[in-house]
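Novice: Same order as they appear, the protein sequences are chains A and B. Final position of the first sequence in this note's numbering is 118; the numbers increase by one with none missing. Final position of the second sequence in this note's numbering is 491; the numbers increase by one with none missing.
Be aware that a few hints might be false.
Straight-line alpha carbon distances no greater than 27 Å define the calculated BS3-like cross-link-like pairs of lysine-lysine that follow [said to hold, decoys possible]:
| hint | chain 1 | residue 1 | chain 2 | residue 2 |
| --- | --- | --- | --- | --- |
| 1 | A | Lys112 | B | Lys288 |
| 2 | B | Lys288 | B | Lys439 |
| 3 | B | Lys349 | B | Lys439 |
| 4 | B | Lys439 | B | Lys422 |
| 5 | B | Lys349 | B | Lys288 |
| 6 | A | Lys106 | B | Lys360 |
| 7 | B | Lys360 | B | Lys422 |
| 8 | B | Lys439 | A | Lys112 |
| 9 | B | Lys349 | A | Lys112 |
| 10 | A | Lys112 | A | Lys31 |
| 11 | B | Lys360 | B | Lys349 |
| 12 | B | Lys422 | B | Lys350 |
Just so you know, these hints were derived from the structure itself, not from any lab. Here the structure is a predicted model, which is why all the values come from computation and not from measurement.
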Amino acid sequence: MTIGNPMMYVGAVGLIMIGLFTMLSKRNLIKIIIGLTLLDTGVNLLLIAIGYVHNRTAPIITRVHADPSKMVDPIPQALVLTAIVIGLGVTALALALAIRVYGHYKTLDTRKIRGLKW
Amino acid sequence: MVAALLIALPFLGAFLIPLVGLASKRLSHYIPAAVMLTNLGISLALLPQVMRSPIVISISGWTPPLAINFVVGPLGLGLVILISLIGFLVTVYGVGYIHEEPKEKYHILILTLLTGATGMVLTGDIFNLFVFFEILSLSSYALTGYNRDRGGTEAAIKYLIQGSIGSAFILIGIALLYGITGTLNMADIAAHIAGADPTLLFMAMSLLIVGFGVEAAIFPLNAWLPDAHSSAPSSVSAILSGIAIETGAYAVARIVYTVFDNHGIMLILAILGVITLLLGEMSAFRQKSDIKRLLAYSSIGQMGLIMLAFGIASDAGVFAALFQLVSHTLAKALLFMASGYIIYRVGSKKLSALAGLGRKMPFTGAMIAVAVLSLVGVPPFAGFMSKFSIVRAALAQHSATYTGLIVLVLLATVIEVGYFMKLLQIMFFTEAETEGAVKELPLSALIPITILAALVIAIGVYPQMISGVLQQAASGLVERSTYIQSVLGAL
Numbered sequence: 001m002t003i004g005n006p007m008m009y010v011g012a013v014g015l016i017m018i019g020l021f022t023m024l025s026k027r028n029l030i031k032i033i034i035g036l037t038l039l040d041t042g043v044n045l046l047l048i049a050i051g052y053v054h055n056r057t058a059p060i061i062t063r064v065h066a067d068p069s070k071m072v073d074p075i076p077q078a079l080v081l082t083a084i085v086i087g088l089g090v091t092a093l094a095l096a097l098a099i100r101v102y103g104h105y106k107t108l109d110t111r112k113i114r115g116l117k118w
Numbered sequence: 001m002v003a004a005l006l007i008a009l010p011f012l013g014a015f016l017i018p019l020v021g022l023a024s025k026r027l028s029h030y031i032p033a034a035v036m037l038t039n040l041g042i043s044l045a046l047l048p049q050v051m052r053s054p055i056v057i058s059i060s061g062w063t064p065p066l067a068i069n070f071v072v073g074p075l076g077l078g079l080v081i082l083i084s085l086i087g088f089l090v091t092v093y094g095v096g097y098i099h100e101e102p103k104e105k106y107h108i109l110i111l112t113l114l115t116g117a118t119g120m121v122l123t124g125d126i127f128n129l130f131v132f133f134e135i136l137s138l139s140s141y142a143l144t145g146y147n148r149d150r151g152g153t154e155a156a157i158k159y160l161i162q163g164s165i166g167s168a169f170i171l172i173g174i175a176l177l178y179g180i181t182g183t184l185n186m187a188d189i190a191a192h193i194a195g196a197d198p199t200l201l202f203m204a205m206s207l208l209i210v211g212f213g214v215e216a217a218i219f220p221l222n223a224w225l226p227d228a229h230s231s232a233p234s235s236v237s238a239i240l241s242g243i244a245i246e247t248g249a250y251a252v253a254r255i256v257y258t259v260f261d262n263h264g265i266m267l268i269l270a271i272l273g274v275i276t277l278l279l280g281e282m283s284a285f286r287q288k289s290d291i292k293r294l295l296a297y298s299s300i301g302q303m304g305l306i307m308l309a310f311g312i313a314s315d316a317g318v319f320a321a322l323f324q325l326v327s328h329t330l331a332k333a334l335l336f337m338a339s340g341y342i343i344y345r346v347g348s349k350k351l352s353a354l355a356g357l358g359r360k361m362p363f364t365g366a367m368i369a370v371a372v373l374s375l376v377g378v379p380p381f382a383g384f385m386s387k388f389s390i391v392r393a394a395l396a397q398h399s400a401t402y403t404g405l406i407v408l409v410l411l412a413t414v415i416e417v418g419y420f421m422k423l424l425q426i427m428f429f430t431e432a433e434t435e436g437a438v439k440e441l442p443l444s445a446l447i448p449i450t451i452l453a454a455l456v457i458a459i460g461v462y463p464q465m466i467s468g469v470l471q472q473a474a475s476g477l478v479e480r481s482t483y484i485q486s487v488l489g490a491l
């Protein structure tokens, strides 16, 4: 693993931790979903950071004789594009379900949403 | 290239449903069943060829490890046969069972769910595994809440939150693996993993196991399962219990065996499996209010058993795990499908409402009895053979730990006998609370259930029917060098 600027990893992991903490500690469904998007963003940043090489440009070929050694690794970027789309789908579904939960329970407080029991 | 159709057809079918629905709504509801039947035919036709050597398909002509590739080996194809068989039966059942509008959306989602499952077992690319996993999970979150009732919505949001934390873990694990090896092809990762930093590898593996473990319902990641499986429409429960969690278990096994080849984790997996098994069976035992919840807890228990067998880490252990997986899928799909209409006819989910039903609907009662006895492990049903092979594989290890674990498994089986016999006793030997006949299930439910019951008996009496494929599948999973060769050697 080629370690680039460590701050990028610190930032990405920090965002992941903030997202996880939000999801685990908050009681409001909307806040939990915000935590989920933070978590997703953190993971995406981590992926990008792994593919980043210092002083290189985006891997977009505009000329026939483009020099690949001046570009960053394109695969993590492709992965992140996919992951963003998946994240969008999950967030949209989560918000739609949250609306429906509110319709049934008239609250978004997870402590009060306890229709199902063990 | 015919094998690529296994994934392409369901996707095509899913997006054709709304278009065909414009012309004829009725016709569009039969598309999932037709697609799954075609898939079943294709996969059965490919089986003899795959048993000789795995088919490796590379997308768009790039050679592995550059391209995304699908590996149609005995394990993948065997699971595809199972998925398309259960998928076909459940979609036939679903045409009559689903009443809530909009029905097209149900049929689209069930087909995308099955696509996700098929893709997961066939893919040879770890990121592609994640993508198909997300297709499977997103469809199952949406299907869990399909009925829009209180319970279903709550279960769906719980499932979604826990599942998406799991997915994030998987993605972090994949990022780490890509950082370590610089490739996403599972065979290529496996080939390059030997010299890597063990701490980083262990981190990546734990993240992946935790992520897929949420779907595979390994303790302590299974809090979503009883809610989701009991609140979803019964046809969805059958798919979730019969296919979704099994593909999660497949992913865990694939990661542990093929990608990492880590033997230190196997014992932990086995112990977690036994804990899952005991907790699942004990929770099922004290369940009196809801038949589907009882079945859901029993699914947790059975998943624990499968995990234990995967943790034995021998050819025989993996064979037993796959056998148990097949017999659980057949029996549990049958039980969920039967209970769906029973709840509908009786109007209550309570166990006590089932009193005397076995005599009022003798045919359905008999089918349920077959499935229940198979799950418990009574000969001559499939469950007996699979449980027996688990016990035999564990004892063949000649280790005190595994023998101890097997003692706990037998204890769990006693608990299982306890609650399933109670179910049978209520159904057959208790006087009905209300007079009046209850109609047998409609034909669209009876035929799938009968086919499943026949398979349970046939496999139990004649296990050689599937044991050849399972044996090859097991050795394909354990011998990773053959897997690496067959993917990378096919340059």
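Novice: Check the structure against each numbered hint from earlier and tell me which ones fail, lowest number first.
Specialist: 6, 8
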